[in-house]
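Trainee: As you go down the protein sequences, you meet chains S and A in turn. The working numbering applies: residue 1 is where the first sequence begins, and numbers increase by one. The working numbering applies: residue 1 is where the second sequence begins, and numbers increase by one.
It is possible that part of the hints are untrue.
Coverage of chain S stretches by chain A, computed from C-beta distances (three or more under 8 Å per stretch; other residues unrestricted) [said to hold, decoys possible]:
{"id": "1", "segment": "357-368"}
{"id": "2", "segment": "376-384"}
{"id": "3", "segment": "580-587"}
{"id": "4", "segment": "598-608"}
The list that follows gives simulated cross-link-like pairs (lysine-lysine, DSS-like), each with its CA atoms no further than 30 Å apart [stated by the list, open to error]:
{"id": "5", "chain 1": "S", "residue 1": "Lys414", "chain 2": "S", "residue 2": "Lys382"}
{"id": "6", "chain 1": "A", "residue 1": "Lys36", "chain 2": "S", "residue 2": "Lys603"}
{"id": "7", "chain 1": "A", "residue 1": "Lys52", "chain 2": "S", "residue 2": "Lys382"}
{"id": "8", "chain 1": "S", "residue 1": "Lys603", "chain 2": "S", "residue 2": "Lys565"}
Listed below are several chain A residues computed to face chain S (Cβ distance under 7 Å; list not exhaustive) [what the hints assert, rightly or not]:
{"id": "9", "residue": "Leu8"}
{"id": "10", "residue": "Gly14"}
{"id": "11", "residue": "Leu15"}
{"id": "12", "residue": "Val25"}
{"id": "13", "residue": "Arg43"}
{"id": "14", "residue": "Arg45"}
{"id": "15", "residue": "Val56"}
{"id": "16", "residue": "Ser77"}
{"id": "17", "residue": "Tyr78"}
{"id": "18", "residue": "Val81"}
{"id": "19", "residue": "Asp84"}
In short, the hints are calculated from the structure, not lab data. Keep in mind the model is a prediction, meaning the values are calculated, not measured. Even glycine gets a Cβ: it sits at the ideal position worked out from N, Cα and C.
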Amino acid sequence: MIPEIGHFALILALATALYQFVMPLLGAWKGDVAVMRSASWAAGAQFVLIGMAFSALTWAYVTSDFSVANVYENSHSAKPLLYQFAGVWGNHEGSMLLWVLILSVFGAAVAFFGSNLPLTLKARVLAVQGSIGVAFLLFILLTSNPFLRLNPAPIEGHGLNPILQDPALAFHPPMLYCGYVGMSVAFSFAMAALIEGKVDAAWARWVRPWTLGAWMFLTVGIAMGSWWAYYELGWGGFWFWDPVENASFMPWLVATALLHSSIVVERRNALKVWTILLSILAFSLSLVGTFLVRSGVLTSVHAFAVDPQRGIFILGILTVFIGGALALYAWRAPSLQQGGLFAPVSREGALVVNNLLLASAAAAVFIGTLYPLALEALNGAKISVGAPYFNMTFGPLMVPLLILVPAGPLLSWKRADAWGVAQRLWVAAVIALVVSVTVLAFQHRGPWLAPFGIGLGIWLIFGSLTELAERTMIFRIPLARLSTRLRGLPRSSFGMTLAHLGLGVTVIGIVSVTAWRYESITVMKPGGTVNIAGMAVTFLGEAPATGPNYTADAGHFDVKVGDRKVTTLISEKRTFEPSHQTTTEVGIHTFATGDLYLAIGDKAPDGGRTVRIYFNPLAPFIWFGGVIMFLGGALSLSDRRYRVGAPRRARNALPQAAE
Amino acid sequence: MIVGGLGLLAAACGLILYAISDTLVFFYTPSEAIAKSVAPGTRFRLGGLVEKGSLVRGQGTHITFTVTDTDKQMPVSYTGVLPDLFREGQGVVAEGKLNAAGVFVADTVLAKHDEKYMPKEVADALKKKGVWQEGEAPKGSVQ
Numbered sequence: 001m002i003p004e005i006g007h008f009a010l011i012l013a014l015a016t017a018l019y020q021f022v023m024p025l026l027g028a029w030k031g032d033v034a035v036m037r038s039a040s041w042a043a044g045a046q047f048v049l050i051g052m053a054f055s056a057l058t059w060a061y062v063t064s065d066f067s068v069a070n071v072y073e074n075s076h077s078a079k080p081l082l083y084q085f086a087g088v089w090g091n092h093e094g095s096m097l098l099w100v101l102i103l104s105v106f107g108a109a110v111a112f113f114g115s116n117l118p119l120t121l122k123a124r125v126l127a128v129q130g131s132i133g134v135a136f137l138l139f140i141l142l143t144s145n146p147f148l149r150l151n152p153a154p155i156e157g158h159g160l161n162p163i164l165q166d167p168a169l170a171f172h173p174p175m176l177y178c179g180y181v182g183m184s185v186a187f188s189f190a191m192a193a194l195i196e197g198k199v200d201a202a203w204a205r206w207v208r209p210w211t212l213g214a215w216m217f218l219t220v221g222i223a224m225g226s227w228w229a230y231y232e233l234g235w236g237g238f239w240f241w242d243p244v245e246n247a248s249f250m251p252w253l254v255a256t257a258l259l260h261s262s263i264v265v266e267r268r269n270a271l272k273v274w275t276i277l278l279s280i281l282a283f284s285l286s287l288v289g290t291f292l293v294r295s296g297v298l299t300s301v302h303a304f305a306v307d308p309q310r311g312i313f314i315l316g317i318l319t320v321f322i323g324g325a326l327a328l329y330a331w332r333a334p335s336l337q338q339g340g341l342f343a344p345v346s347r348e349g350a351l352v353v354n355n356l357l358l359a360s361a362a363a364a365v366f367i368g369t370l371y372p373l374a375l376e377a378l379n380g381a382k383i384s385v386g387a388p389y390f391n392m393t394f395g396p397l398m399v400p401l402l403i404l405v406p407a408g409p410l411l412s413w414k415r416a417d418a419w420g421v422a423q424r425l426w427v428a429a430v431i432a433l434v435v436s437v438t439v440l441a442f443q444h445r446g447p448w449l450a451p452f453g454i455g456l457g458i459w460l461i462f463g464s465l466t467e468l469a470e471r472t473m474i475f476r477i478p479l480a481r482l483s484t485r486l487r488g489l490p491r492s493s494f495g496m497t498l499a500h501l502g503l504g505v506t507v508i509g510i511v512s513v514t515a516w517r518y519e520s521i522t523v524m525k526p527g528g529t530v531n532i533a534g535m536a537v538t539f540l541g542e543a544p545a546t547g548p549n550y551t552a553d554a555g556h557f558d559v560k561v562g563d564r565k566v567t568t569l570i571s572e573k574r575t576f577e578p579s580h581q582t583t584t585e586v587g588i589h590t591f592a593t594g595d596l597y598l599a600i601g602d603k604a605p606d607g608g609r610t611v612r613i614y615f616n617p618l619a620p621f622i623w624f625g626g627v628i629m630f631l632g633g634a635l636s637l638s639d640r641r642y643r644v645g646a647p648r649r650a651r652n653a654l655p656q657a658a659e
Numbered sequence: 001m002i003v004g005g006l007g008l009l010a011a012a013c014g015l016i017l018y019a020i021s022d023t024l025v026f027f028y029t030p031s032e033a034i035a036k037s038v039a040p041g042t043r044f045r046l047g048g049l050v051e052k053g054s055l056v057r058g059q060g061t062h063i064t065f066t067v068t069d070t071d072k073q074m075p076v077s078y079t080g081v082l083p084d085l086f087r088e089g090q091g092v093v094a095e096g097k098l099n100a101a102g103v104f105v106a107d108t109v110l111a112k113h114d115e116k117y118m119p120k121e122v123a124d125a126l127k128k129k130g131v132w133q134e135g136e137a138p139k140g141s142v143q
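Given the sequences, and given the hints that come with them, work out the whole structure.
Mentor: What follows is the structure, given as structure tokens:
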């Protein structure tokens, strides 16, 4: 009964979405206030209905109702509760339901928090949101219905792919989807602005919090996925340039560009046409990301759905939304008024360079990800574009960007004094150079460029702090006045400093692991010892272990530094019921200097075990930096000026004075 | 300024084109690799099924096995740890180069699939040969 209620709620949601798509547009066109107002109610109703459908599916999973085909195929009664719950979105149908649920949450949030938006703009934004809802609800109901029944009901289910049974991965898809779908708000605002033919500072202020929120979720989602790959796949790597990773990385790059360009719209009323294009591209790439992962076109662990019909449907959605948006853009963008002239050396100029580099980097990732697919479709040749391509293109595009990051916020709007900025940054530059040279002098292995990578990270950290110091005049005013000064600063400026600083931390982590990782792959017998990075790792032996739905061989290892025992690491080879799939559980011990990482492999014929041991210097910095970036975003979002209810068009019609 | 921007974009395009031509790697089944007589030292990806009974563990972590598309075979040599999903009779993709003796020396072995899902290239190549159907896992080989 409950699955049928869910199915029915989904059909009603489609009807509501259709209403939300068509009526507010008509209302805005005719100037009918009551019809425009009803858009908010439709958005609220859609949220309630999709929420019901999602709860119904969750109920079927948690109670292991195997008469529902989707539950039978993807769940198992012996699975821990967390994964029965996460199993709802661990498959194609459920994850699409999660996608529309999040879409409806964002729609309802715009309806609820956007009480200060002009009525026509709000109605049009909600209408565009409604159109996305229509497309995806149709997709679910026609090709991916999660509520289909089985008769007779099987007694036991198939289970979830064991490598997906992991806490970080349970919450990785919802985070990414919040990011992807969050971009739909910026997209809807861009569409509505094109329809209205008006983009101004107030518009930028309304869009920014949504973009920032989506960007934060994407950041956390990507960091979680990378962290999961690091400890679950057992290869000790943190980023593989896998198409599935790229699928989430491209929207992130464009969203980052959008965050920066919308500042220019807000403060200087310039770059409007470009910002609108970025809003369209960010959501388009989110759709492409969904398509890549969900249509089964890729060779990847994430590609659960192997069904060409769905692929064609998603391709249709892509064509309609991306093609339609770009057509509207081509038609209406020339009518947008341009304003705010600026010199090449200025804050605007720096943000343009930031945007060009980020967009080029996104293009490089896009080509590397899709070129193999396009080539295969054209002439059947199968090629792969791997890490070497991405390192060769992405790296050179990022280095100039990272060098410019600390300078950007110090440049003034319109026309800036480059020499003055250089003078203010010399302390950070000297620190970065000293660190680089020191590391170069002490390193006995690794590429000669690596110390400069560390220097770049240090430059980012101290450059960002310089900017904060300049703003607070920390070295020029008595300490007593400092706290007043600090409190007077807008939170968004702390947020920016934090986000740039986090980027530096991540850079340091990536460079260290890439350049100075220790690796040992050997066959070890009980009692055998491997020396790595000044530590002695001794294989104690194996013991059987059991979990709720698996059995395992657990290898125990003693770790000693000198004569002092530091820890015992355990790495398991797990065999899951009912699929007999095996996974490797790695053992990680985090020192102040990095991670000791150990994974057991196959049994060797002479009774030993293949054992992989890595020492990954400063590895936690990679994800820690991501968390700092997220916190920076959160701090900015809490800024009163960006609080969703704050801005009013009347007050902000004129560009704000530069701070 | 516009010139500068265009220059940057042109440089990015050049970089992308150069990188893609320099780093792309072709995928072949053993039959294709033999038919094309790929020169030793050229990097490519070799895909097919791990022939049953061909896996031999040598000294330390050195391993040899044979990749087959049921028509032609190619010996593979690899030093390292095999992925969890590597099994005899199942699909595999290895990346590396042929040596002078005609042995494929792999530096990477991928087996990104489970019982439901084969590496796409392998599935396509085998379907072309008619030895494997969509949705059919080579179940006999699952231990």
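Trainee: Does each hint hold? Answer for all of them.
Mentor: Now for the hints, and whether the structure bears them out:
no. : hint                 : in the structure
1   : 357-368              : holds (count 6)
2   : 376-384              : holds (count 4)
3   : 580-587              : holds (count 5)
4   : 598-608              : holds (count 5)
5   : S:Lys414 to S:Lys382 : violated (50 Å)
6   : A:Lys36 to S:Lys603  : violated (37 Å)
7   : A:Lys52 to S:Lys382  : holds (26 Å)
8   : S:Lys603 to S:Lys565 : holds (27 Å)
9   : Leu8                 : holds (5 Å)
10  : Gly14                : violated (10 Å)
11  : Leu15                : holds (5 Å)
12  : Val25                : holds (5 Å)
13  : Arg43                : violated (10 Å)
14  : Arg45                : holds (6 Å)
15  : Val56                : violated (9 Å)
16  : Ser77                : violated (15 Å)
17  : Tyr78                : violated (11 Å)
18  : Val81                : holds (4 Å)
19  : Asp84                : holds (5 Å)
Against the hints set out earlier in the document, violations occur for numbers 5, 6, 10, 13, 15, 16 and 17.
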